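Chemist: Sequence order for the protein chains is A and B. Counting from 0, one number per residue, gives the positions in the first sequence under numbering that gives the first Met the number 0. Counting from 0, one number per residue, gives the positions in the second sequence under numbering that gives the first Met the number 0.
Keep in mind that the hints were calculated from the coordinates and are not lab data.
Here are the simulated BS3-like cross-link-like pairs (lysine-lysine), alpha carbons at most 25 angstroms apart as the crow flies:
(1) A:Lys403 x B:Lys375
(2) B:Lys43 x A:Lys15
(3) B:Lys375 x A:Lys7
(4) A:Lys86 x B:Lys43
(5) A:Lys52 x A:Lys63
(6) A:Lys15 x A:Lys427
(7) A:Lys147 x B:Lys375
(8) B:Lys257 x A:Lys358
(9) B:Lys6 x A:Lys329
(10) A:Lys403 x B:Lys379
(11) B:Lys22 x A:Lys427
(12) B:Lys257 x A:Lys7
(13) A:Lys394 x B:Lys43
(14) A:Lys329 x B:Lys18
(15) B:Lys257 x A:Lys394
(16) B:Lys379 x A:Lys147
(17) A:Lys394 x B:Lys375
(18) A:Lys329 x B:Lys9
(19) B:Lys43 x A:Lys307
(20) B:Lys379 x A:Lys394
(21) B:Lys43 x A:Lys427
(22) A:Lys274 x A:Lys196
(23) B:Lys43 x A:Lys306
(24) A:Lys147 x A:Lys119
(25) A:Lys188 x A:Lys143
(26) A:Lys82 x B:Lys43
(27) B:Lys257 x A:Lys427
(28) A:Lys274 x A:Lys20
(29) B:Lys379 x A:Lys188
(30) B:Lys43 x A:Lys329
(31) A:Lys119 x A:Lys183
Label pairs and their calculated CB-CB ranges:
(32) B:Met284 x A:Asn357: 53 to 61 angstroms
(33) A:Phe338 x B:Gly285: 51 to 59 angstroms
(34) B:Lys22 x A:Lys63: 44 to 52 angstroms
Everything numeric in this text was worked out from a predicted model, so none of it was measured. Heads up, the beta-carbon is just placed ideally off N, CA and C, and yes, glycines get one too.
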Amino acid sequence: MSNDIRIKRGHTLRLKGEAEKTLIDAPRSRSFAIKPPDFHSIIPKMVLKEGAKVQAGDELFFSKYTGEVKFTSPVSGTLREIKRGEKRRIMEVIIDADPQDTYREFGAMDPLTADSVDVKNRILESGCWAFVNQRPYDIVADPKDSPKAIFVSAMNTAPLSADIEFILQDRLEAFQVGLNALTKLTRGKVHLSVAKKGGSSLNGMKNVELHEVSGPHPAANVGVQIHHVDPINMGERVWTVGPEDVANIGELFLTGKFNAVRTIAVAGSSAENRKYFRTKIGANVSDLIGTVSDNVRIISGDVLTGKKLSNGQYVGFFPNVVTLIPEGNKYRMLGWLPFTYNDIPSKSRTNLSWMFPNKRYDVDTNLHGEVRALVVTGEMEAVVPMDLFPMQLIKACMAGDIEKMESLGIYEVAPEDFALVDYVNTSKIEAQEIIRLGLDLMITEVG
Amino acid sequence: MEWIRTKLDKLREPFNQGKKYEKFAPAINAFDTLLFTPNHTTSKGAHVRDAVDLKRVMITVVLALIPVLLFSMWNIGYQYLSQIQAEVGFWEAFGHGALKLMPMVAVSYIVGLSIEFAFAIYRGHEINEGYLVTGLLIPMIMPIDIPLWMVAVSVVFAVLIGKEAFGGTGMNILNPALTARAFAFFAYPTFMSGNTVWVSNAAEVDGVSGETILGTLAAGEQVQYSTMDMFLGVIPGSASETSAALILLGALLLIFTKVGSWRIMLSSVIGASVMGLIFNALPSMGLEGNELTNFPWYEHLLVGGLAFGIVYMATDPVSGAQTTRGKWVYGFLIGFFSVMIRVFNPAYPEGVMLAILLMNVFAPTIDHYVIQGSIKRRNKRKSPEGINPQVNTAV
Numbered sequence: 000m001s002n003d004i005r006i007k008r009g010h011t012l013r014l015k016g017e018a019e020k021t022l023i024d025a026p027r028s029r030s031f032a033i034k035p036p037d038f039h040s041i042i043p044k045m046v047l048k049e050g051a052k053v054q055a056g057d058e059l060f061f062s063k064y065t066g067e068v069k070f071t072s073p074v075s076g077t078l079r080e081i082k083r084g085e086k087r088r089i090m091e092v093i094i095d096a097d098p099q100d101t102y103r104e105f106g107a108m109d110p111l112t113a114d115s116v117d118v119k120n121r122i123l124e125s126g127c128w129a130f131v132n133q134r135p136y137d138i139v140a141d142p143k144d145s146p147k148a149i150f151v152s153a154m155n156t157a158p159l160s161a162d163i164e165f166i167l168q169d170r171l172e173a174f175q176v177g178l179n180a181l182t183k184l185t186r187g188k189v190h191l192s193v194a195k196k197g198g199s200s201l202n203g204m205k206n207v208e209l210h211e212v213s214g215p216h217p218a219a220n221v222g223v224q225i226h227h228v229d230p231i232n233m234g235e236r237v238w239t240v241g242p243e244d245v246a247n248i249g250e251l252f253l254t255g256k257f258n259a260v261r262t263i264a265v266a267g268s269s270a271e272n273r274k275y276f277r278t279k280i281g282a283n284v285s286d287l288i289g290t291v292s293d294n295v296r297i298i299s300g301d302v303l304t305g306k307k308l309s310n311g312q313y314v315g316f317f318p319n320v321v322t323l324i325p326e327g328n329k330y331r332m333l334g335w336l337p338f339t340y341n342d343i344p345s346k347s348r349t350n351l352s353w354m355f356p357n358k359r360y361d362v363d364t365n366l367h368g369e370v371r372a373l374v375v376t377g378e379m380e381a382v383v384p385m386d387l388f389p390m391q392l393i394k395a396c397m398a399g400d401i402e403k404m405e406s407l408g409i410y411e412v413a414p415e416d417f418a419l420v421d422y423v424n425t426s427k428i429e430a431q432e433i434i435r436l437g438l439d440l441m442i443t444e445v446g
Numbered sequence: 000m001e002w003i004r005t006k007l008d009k010l011r012e013p014f015n016q017g018k019k020y021e022k023f024a025p026a027i028n029a030f031d032t033l034l035f036t037p038n039h040t041t042s043k044g045a046h047v048r049d050a051v052d053l054k055r056v057m058i059t060v061v062l063a064l065i066p067v068l069l070f071s072m073w074n075i076g077y078q079y080l081s082q083i084q085a086e087v088g089f090w091e092a093f094g095h096g097a098l099k100l101m102p103m104v105a106v107s108y109i110v111g112l113s114i115e116f117a118f119a120i121y122r123g124h125e126i127n128e129g130y131l132v133t134g135l136l137i138p139m140i141m142p143i144d145i146p147l148w149m150v151a152v153s154v155v156f157a158v159l160i161g162k163e164a165f166g167g168t169g170m171n172i173l174n175p176a177l178t179a180r181a182f183a184f185f186a187y188p189t190f191m192s193g194n195t196v197w198v199s200n201a202a203e204v205d206g207v208s209g210e211t212i213l214g215t216l217a218a219g220e221q222v223q224y225s226t227m228d229m230f231l232g233v234i235p236g237s238a239s240e241t242s243a244a245l246i247l248l249g250a251l252l253l254i255f256t257k258v259g260s261w262r263i264m265l266s267s268v269i270g271a272s273v274m275g276l277i278f279n280a281l282p283s284m285g286l287e288g289n290e291l292t293n294f295p296w297y298e299h300l301l302v303g304g305l306a307f308g309i310v311y312m313a314t315d316p317v318s319g320a321q322t323t324r325g326k327w328v329y330g331f332l333i334g335f336f337s338v339m340i341r342v343f344n345p346a347y348p349e350g351v352m353l354a355i356l357l358m359n360v361f362a363p364t365i366d367h368y369v370i371q372g373s374i375k376r377r378n379k380r381k382s383p384e385g386i387n388p389q390v391n392t393a394v
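Chain A on its own, in the form it takes in the complex (with noise of 0.2 angstroms):
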């Protein structure tokens, strides 16, 4: 088919620890929470205060400069704290749930036959417009823009990551709604990628232009996706979604009810109850993995792109994986030796894990090395599948240099894109921190 993309360059890290795929309702968490940092370049402004009651879908803050986009509560109970970091910004709303939900009514809806206008102000209203992505920048989408097309990316290549068709399995009546209702905001196409295995239950999806993507991870991104399909231009917007967001979207348009489903699959080699759960956006993550150990980190997400959090946090509000891998706060002696520690991964052939290409791999936290000059040209372009020069782009965005990074592409990228690159590089620099603050200069200054 000629709509297939076919990734060549990349680096698929296979792990120790994957997710049973047996689906379980997580035990209702007694606290959930929604964290505005997760909606990079959001301001939020508080509409309830402390001690507020909330139904699911009521919202709890919106943003300061787009005022229309609303952010709501994923479950019903009451608002017990805003807690806030440097500066009093807001860095968690916490919710004390009920034991059981109760919905606001939004009305049922056939997001084919209403007005286009009514479709986009019942996904404001309902809070699911926090699910609209934006590229360039990797923000929340503006409601006002009008973006070229809109990207759903229902697979996964990164390491231990959810099986998209397995969540989604339940809800495919859901997730084709939700697809129509995208439809709906874009005057050009919405694009559905599935992973290239044929009989995928994802394939029949209408009202799509479906892409059937193979290759090594980041095959899955998003963003790669975009850039082969239909790359971005200065000035142009496409906007993405995540795959069970599209479901929630369209189980909003079924019953009316906003129901923030989210399954997470606790995943990695120092997880103990591997499996698929399903609670609501923003768990507490112990309610998940009860309580482990100081030696082990707990990833809100894939080892390459999640967060880091402690006991007792909560789940940020997209990952569909939690990796729990352990510390590697340790010496190695000697660790610099060509051909030895062959049970690390390396993407290079400084040491011979390259010889087991089918190993899953034990990891840890460890840099394995330290922070150095750039100085090993290639590797980056090899983990990038993309028509731009990486090193060169991380170099301007170094630098702060505007004109160079829209000529280089900066606005086809997004952090994600440069995980790997996190990854393989021999100099140990943040390459997906360097591409956020590179975006975030030309969100200022280019808008």
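Here the structure of chain A is known, so what remains is to put chain B in place on it, guided by the hints.
Modeler: Below, chain B without anything else, positioned relative to chain A:
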């Protein structure tokens, strides 16, 4: 191992943050991290990292140099002893060479690393491993009889002017090892060229024919060495440049570990072959060549510093071209110009040093044009509906 770690932790106590010798931490860190890869964990970005680090990469290059270094010790001794006596024992030759070469390596490392340490402490950054390779390369590309103080002065020039002036490892424009050699070459030409510097103690012994093959050719004389001698490296030359066979072994290690760019090596060989073939073809075009132009193209690849330069210095990722296509052009031109300079330069019948330095200077230009290609492709795909008006006003 535990007790070494405990000892080290105790030893470095006064260097820790907020302690008396905090400023000198990079110095102690250099030794500490050489013994133990530190316990640092990821704090942002990807939570897991590849096993490779700069130490591993640099040590791999050093590893690729060791066979060449050991062979050259024997060859230095052999070249000298075989001219004054009939029978040459292996250990006798090796011992002579080792006694000549090891002091040069020691001087290079001591002088260079002292400057690196001083700069790391002064600038407050960790010591980069790049000098592990540079410091070994410098003595390996010098004539064996060069006085140690000249090695020291060349190292000082290379590290200070060639590297630190540009901001240290990763920022230099020229390959530091070749900068050292070029400095010595132009500052002390009598020690760096001619026909008495290539065999150890040649000037002191009567009747030694110590010319390099290229020198012989430039003088218009016949070469007495066989192609096999050239390949194995039993010929006079700069300390460690002679053995094409062992350099090939090192190249294979660098290519196998992906530490050295096979693209640069291959394209350099192609470039040198093309230039050699052009010169070889002169007689058939009715032009009379000279000894150098008629020297077979494949022997051009074996003699002089070409193989050594291509494998260990042209592939330096910092001073070379950084883009994939750029590497092909960069490598090709290095090989091409090396042979061209060899043949045309009347003063000095070797070209690889100058060719690499020249292409070092042009590498950013080559990369610029490669990147422009990508930028042009990007600019070409204009959106059919024009630019978002919102963005237009913001600009």
